[in-house]
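**Q** Listed here are the chains, written in short residue letters.
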Amino acid sequence: MSLSKNLYLNLIKDDRYMYLVKGLGNTLLITIVAVVVGILLGFLLAYIRTTHDKTGNWKAANLIAHVYITVIRGTPMVLQLLIVYFVVFASVNVPKIIVAFIAFGLNSGAYVAEIIRAGLMSIDEGQYEAGASLGFSYTQTMLYFILPQAIKNVLPALGNEMIVLLKETSVAGYIAMDDLTRGADIIRSQTYSAFTPLLIAAAIYLFFVLIFDSLVKKLERNLKNSDH
Amino acid sequence: MTTDRKPLIEVKHLYKEFSNGSSGREEVLSDISVDFYEGDVAFIVGPSGAGKSTFLRCLNRLESATKGEIFFEGVNICDEKVDIDRHRQKMGMVFQQFNLFPHLSVMSNLTIGPMKLQGLSKEEAEEKAIKLLRRVKLEDRATSYPNQLSGGQKQRIAIARSLCMEPDVMLFDEPTSALDPEMVGEVLEVMRELAEDKMTMLVVTHEMAFAKEVANRILFMADTQILEENDPVNFFGNPQNERLKAFLDKMI
Chain R
1 MSLSKNLYLN
11 LIKDDRYMYL
21 VKGLGNTLLI
31 TIVAVVVGIL
41 LGFLLAYIRT
51 THDKTGNWKA
61 ANLIAHVYIT
71 VIRGTPMVLQ
81 LLIVYFVVFA
91 SVNVPKIIVA
101 FIAFGLNSGA
111 YVAEIIRAGL
121 MSIDEGQYEA
131 GASLGFSYTQ
141 TMLYFILPQA
151 IKNVLPALGN
161 EMIVLLKETS
171 VAGYIAMDDL
181 TRGADIIRSQ
191 TYSAFTPLLI
201 AAAIYLFFVL
211 IFDSLVKKLE
221 RNLKNSDH
Chain U
1 MTTDRKPLIE
11 VKHLYKEFSN
21 GSSGREEVLS
31 DISVDFYEGD
41 VAFIVGPSGA
51 GKSTFLRCLN
61 RLESATKGEI
71 FFEGVNICDE
81 KVDIDRHRQK
91 MGMVFQQFNL
101 FPHLSVMSNL
111 TIGPMKLQGL
121 SKEEAEEKAI
131 KLLRRVKLED
141 RATSYPNQLS
151 GGQKQRIAIA
161 RSLCMEPDVM
171 LFDEPTSALD
181 PEMVGEVLEV
191 MRELAEDKMT
201 MLVVTHEMAF
211 AKEVANRILF
221 MADTQILEEN
231 DPVNFFGNPQ
241 NERLKAFLDK
251 MI
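If you read the sequences in order, they're chains R and U.
Residues 1 to 228 in the working numbering are what the first sequence spells out, letter by letter.
Residues 1 to 252 in the working numbering are what the second sequence spells out, letter by letter.
Just so you know, the hints here were simulated from the structure itself, not pulled from any lab data.
Mixed in with the good hints, there may be bad ones.
[Said to hold, decoys possible] From the structure, some residues in chain U lie toward chain R, with a derived Cβ separation under 7 Å:
{"id": "1", "residue": "F18"}
{"id": "2", "residue": "L62"}
{"id": "3", "residue": "G68"}
{"id": "4", "residue": "D85"}
{"id": "5", "residue": "R88"}
{"id": "6", "residue": "Q89"}
{"id": "7", "residue": "Q97"}
{"id": "8", "residue": "N99"}
{"id": "9", "residue": "H103"}
{"id": "10", "residue": "L117"}
{"id": "11", "residue": "L120"}
Glycine included, every Cβ here is placed at the ideal spot set by N, Cα and C.
Isolated chain R (complex conformation) (with noise of 0.2 Å):
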């Protein structure tokens, strides 16, 4: 078969190349709002965690954080999306994709709160103490002067975590969730032609892969312009 003809089976017949555009724009979705809830949830963790360990207060709820991010970060992801759906919302019909929102929110929640935590825990003792000698509270210690450099310091690892955020989406096809890599699937069981969607598939994935890398790249440099 020849390349055109190849590329006309798995792409133009049928409008096949929907599965692609539907997927890529789910498995974009997903990773987006993942991120979103990710980062939020880690900053959370990451703050009960640090408090605790700078000030040995709130005990409960750094048992609590750790816990969470012992079990998420100990299981593997697919299981983790698939308890989330046939287990925590067995009764309830919740759409696939928000099933997806959550378990790759959760997973990634724990990720980013280690690399939060690690980026808190590298400021040094005085800058606390720089802080509250001007009577900044230990909140807005950490708001306007720990933060900012904890975050500057743990950007490639953030990024890098988004990246591999991106690529374990793939996973959402045991829950039929129509990603990226279930459409390339979708067609290859149709036309019988592995080569073409899954190759596709993967140039994608690569290509959104690259594209982030340069933004999180040219953020990087952006702050360092605010340093010296």
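Given the coordinates of chain R, assemble chain U onto it according to the supplied hints.
**A** Quick look at chain U alone, frame taken from chain R:
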């Protein structure tokens, strides 16, 4: 010294213990009582490990006292219920390691406190900051970042940052100990001018000659206690305590 003045800081039977290891407790301050008055330039000297820095850090509760009371402007700041952040605004602190905020420009280092804590507008805060930068002779470094400055410049900025909050007392925790020798002078110069302007200052230092010249009171701390206190002339000229005599012999 007139005795009818009310002390700015009253320390009453202050104790501080650090837990070291699993069960051991190490006493670093034991039963310290001392008053500081407005306009005091009090220097605290003594061998390392005597608890000088810990004592200073207890005064703005960067370290919490194990026992005892510290009244600052009449309020017992050791009381857990006290809003310590509000009182810390009135107690400037200068650290050995400067602790400037590296992600903020020199100007922002100075203005963030007055803007966020005292509700000054950006213009008001910057006007104030420029005056203080002039005072420490660094008005041309307003747009610089801390890492572009020398150690001596960093410490002068740190002093200006504290002054920007218009504190009633300035605490100096070994302000020149991390500096190269040639930069000590410029920092001491700023401190000398502050003292001449009647700023209340508590200074932990090893700069004995400077203490002799600037202080109105010198306190000798050793073995977790204040063992002797006197005016500079008698402190150096007529020391009573044996530990102090040995200390001064070693320093000179």
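**Q** A separate judgement is required for each hint: does it hold in the structure or not?
**A** Now for the hints, and whether the structure bears them out:
Taking 7 Å as the C-beta contact cut-off toward chain R, the hint placing U/F18 at the interface is violated, the least distance being around 15 Å. With its C-beta approaching chain R no nearer than about 6 Å, U/L62 sits inside the 7 Å limit, and its interface hint holds. Taken as an interface hint, U/G68 does not check out: its beta carbon lies about 21 Å from the nearest beta carbon of chain R, beyond 7 Å. For U/D85, the interface hint holds, since its Cβ comes within 7 Å of a Cβ in chain R; the closest pair sits about 5 Å apart.
The beta carbon of U/R88 comes within 4 Å of a beta carbon in chain R, closer than 7 Å, and the hint placing it at the interface holds. Taking 7 Å as the C-beta cut-off, the interface hint given for U/Q89 holds, the closest approach to chain R being about 3 Å. The beta carbon of U/Q97 comes within 5 Å of a beta carbon in chain R, closer than 7 Å, and the hint placing it at the interface holds. Because the beta carbon of U/N99 sits about 4 Å from the nearest beta carbon in chain R, less than 7 Å, this interface hint is met.
Hint status for U/H103: holds, given a least beta-carbon distance of 5 Å to chain R, under 7 Å. Below 7 Å, beta-carbon pairs count as interface contacts, and U/L117 has one with chain R at about 5 Å; its hint therefore holds. At its closest, the beta carbon of U/L120 sits 13 Å from a beta carbon of chain R; the interface hint therefore is violated under the 7 Å criterion.
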